[in-house]
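Could you slot chain B onto chain A? The hints should help.
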Amino acid sequence: MELIRTEKLEKTYIDEDVRTRAFFDVNLKINEGEFVSIVGPSGSGKSTLMQVLGYLDRPTGGKYFFEGKELKTYSDDELAHIRNEKIGFVFQAFNLLPRLSVLENVALPLMYRGIPIKERNKKARELIHLVELDDRIDFRTSKLSGGQKQRVAIARALVNNPKIIFADEPTGNLDSKSGGIILEFLQKLNEQGHTIVVVTHESYVAHAGERILHIVDGRIDKDERVEKRRIVKEEGFSK
Amino acid sequence: MIRFSDSLRMAMGGIFIHKSRSILTILGIVVGITSIMAVMSVGQSAEELVIGEIQRFGPANIFVLPGRQPSGPMDAAGTILNDSLKEKDFNDLKKKSNLPNAKNIIPYVFGYVTTSFESEVYDAMVIGGSEYMEKNFDLTVESGRFFDAVDIEQKERVVVLGSKIKEELFGNKDPIGEKIKLKDGKFRVIGILAPEGQGSFVDFNKSIVAPYTSVQQNVLGVHYFNRIVVEADSIESVPGTIRDIKTLLRNNHSIDDPEKDDFFIQTQEDIAERIKTITGILTVLLTSVAAISLIVGGIGIMNIMLVSVTERTREIGLRKALGATNKNILTQFLFEALLLTVIGGIIGVIGGSLLTGILSYAARALADLNFPYVFSVRGALWGICVSFVIGLAFGIFPARKAGQRSPIESLHYE
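Residue numbers (this note's numbering), protein chains in the order written: chain A, 38 to 276; chain B, 4 to 417.
These are calculated hints, taken from the structure and not from any lab test.
Fair warning: there could be bad hints in the mix.
[Claimed, not checked] Below 30 Å or equal to it, Euclidean Cα-Cα: the simulated DSS-like pairs (lysine-lysine) are:
{"#": "1", "chain 1": "A", "residue 1": "K100", "chain 2": "B", "residue 2": "K330"}
{"#": "2", "chain 1": "B", "residue 1": "K89", "chain 2": "B", "residue 2": "K249"}
{"#": "3", "chain 1": "B", "residue 1": "K330", "chain 2": "A", "residue 2": "K106"}
Next comes chain B alone, as it looks inside the complex:
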């Protein structure tokens, strides 16, 4: 029986005779595996980015949103322009008797407004929150201070600027104590947030944060909230607290039928699950598209192997005359196909991770996104396994054909 090392050596010899042809043949596999690798890695990176962003909030956070639960990623209409969460809801949620297991209740109201200082103008997201917001979002104040309960109580016209806004409006000047214009009113700058990498949720570098009371009354002129975040005292008390919130809000809004809720509740876990589902579906879809190129690549391999078998008919005849069995010849050609596809797969894995590296670098450098680079081990293993299977599937037919050739007809082949 022929040795494995000899089979491998022969296969190497076989594919090195026509170097450029071999390179062109494996291109299809390289492209396919590169795409699969890139899709899987980028999918994993995107998932990590979003999940990481969500996990900025503690796991015991419960999000109360106005409107109805969106039925899919495209269904955002249910949550926009909805004013069902009012001051009374917030005040009732705050009562210990209503939510015994809630630690903090933080209301959020936000909108885009134009802000200016002297001649500098900037469009910014203004987020109104409570004094707990700093901790809730894990924000760092670089200079000055964050607003406090008194500012909220007094509906003070004070703002804390994101680093990018500070830079745009003030350059190198110290903005603390200066007054910027928000819509039509003047607001005093009391603090600057430390710059941070951008996630997918909120870009605080480009945001202005202020007491929610002031934002409602002095900036947006609204009487509702876009979010109310309830921090439960432990993960275990989350389900009970959700029940309490639902009961209270249905009561406040005079709703008997839960189907007609004008609010909905999300937990960290819900959001993470939804995102994982979406990225999962996208990854599968894109991978399937990439898989088509693998099939095309496989057909290319089969084609070239068939040509190779025909070209080397005399060699097959000679090897058989010298004692090669049908299986020896089959193995030789199958190994060539496998070697081609696996080399293609390895190049594809390297190409895919390089491409992912470039993409995540570009996302960081150009889009200022905090996009992590993830080498998808699962993608790499898949890539190499799939290329092996492609080699086997598309190599077996030509290899069998080679193995079955009669020695004497092959020797006389012209």
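Extracted from the complex, chain A is given alone in its bound form:
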């Protein structure tokens, strides 16, 4: 079932009369339950594409359909609600609030849905258990290791039971062991039916997915099915 479709999607920045095309002529389709990797060198436009697909930014041209509905018609507030309810993000820099506890960070998206604190904490606890951080639940996130932080970020991304998870260089700030654990989690989630889109410049991360979109100079250069997918749980993970 189709979740995402784009037609000639384009993003151009204009800064002091200088036009910079981040990406253009992007036509793609992502179905529910897929694990898609977007790869490309730095500056190829892959992160910008992910931000537009994740409703963090608006395209400057083309069409973007999410669950069959076009983005154009949404207001800023509606985009915020969609990000809250249908999309989960995992960032390279973790982006946790350091003064909040693990529990509070994971429960944060639920707060913006107006869910009472008891219910939020119950749901957040379940996800913290899933990422195996029960013993760190009341720690401030500033006290955690990089790998633990990213697991908190994954729990937070999942807390609203989203349609899709966008992970932007999720292993970029991690050592290989922690990176392996994160990828293993993402694969596990995918097995459970979650749609995953990982943006990376590293091919061994990309091969954790079942499909790779190669972006070069702002365009999709190649859209390939992975013949031999890397199953991290079995093969391990090394840079």
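For chain B alone, coordinates are given in the frame of chain A:
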């Protein structure tokens, strides 16, 4: 939609990250509200003190004063050194046919003189009045007696001492029957007044009261009165009695044009009104000065909120990525500003009432003034409302700025 309790919790979290900065930020508001509270409370206390003092006289008292009505608080010249109220005026006022609704007519004459007993010397206010004075001023004689109509008739050299004077001149000795020196003459002490809290009008503790005839002739050597108090038989008859007094005095003084009156009349209500006006104006003026510090405090809040918005740009980006709407972010920062100013306001209200307490205690202890402590509820409500409005006025701009930030630019902010 985000819950109110969550907004409040987030705002608390926001201001507790930088505790010392938050404390310094609210200082301006605290100082402003403290001053407003103190000014309003002290103003109310002063008003109550003076009004209370005036109300020692019954509401049906009419004061006849020599000279002209002072045009303002600084214009006292009109009433000083004026000798237009004479014995004849007093005698005519006493006639029932002239003032049918008057109950008592009490003349007053007063001045400062030096008094002494043996080697002890004291500067005292000598007040000459009639036998009705005791009741008119609600005085209590602690020992001995008050002077009577016979003393007045005979121009007896007798005095009743205020408690402080008794203490200064006699210490623990019983002064009844002793003779003190007033100016050049000797006067026999016949009574002592009970000590009383000092009001703003007359400090009887430091006064000597005596028959007016004796004070006029034997002490001050004058033939006029400083006041004549007419007690009307009811409040309703006050206006008619005032008319009668005016007619009589103009007649006695051969005045045709009321503009040229050499006397004027005040009622309790007049005086209370004048005092309320004066304290009201003073309170407004002082409050306006205090309000300037609130504006300065408000600018401080705005400044810190702008810094906070910039510092927390990435947090704003993240919250938006997780589903916070522009309004959610605006509310979060506005709540922080409001919480800061309202906390400042509450501390200010507490500080203001403590300050007022200290001031009124000091007035009682040091100046021996019967200064009541008043917690100005109006001041407290004003203080908290004003601090809320300041928070709203100076917090909305930074909060709007925060709310309008784009999620992706904020996330990438370095």
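Tested hints:
Pair hint A:K100 plus B:K330 holds up; C-alpha atoms about 28 Å apart against a cutoff of 30 Å. Annotation: proposed proximity of B:K89 to B:K249 holds, straight-line Cα distance about 15 Å (limit 30 Å). Taking the CA atoms of B:K330 and A:K106, the gap is near 25 Å; set against the 30 Å cutoff, the hint holds.
Comparing the model with each earlier hint shows no violations; every hint is respected.
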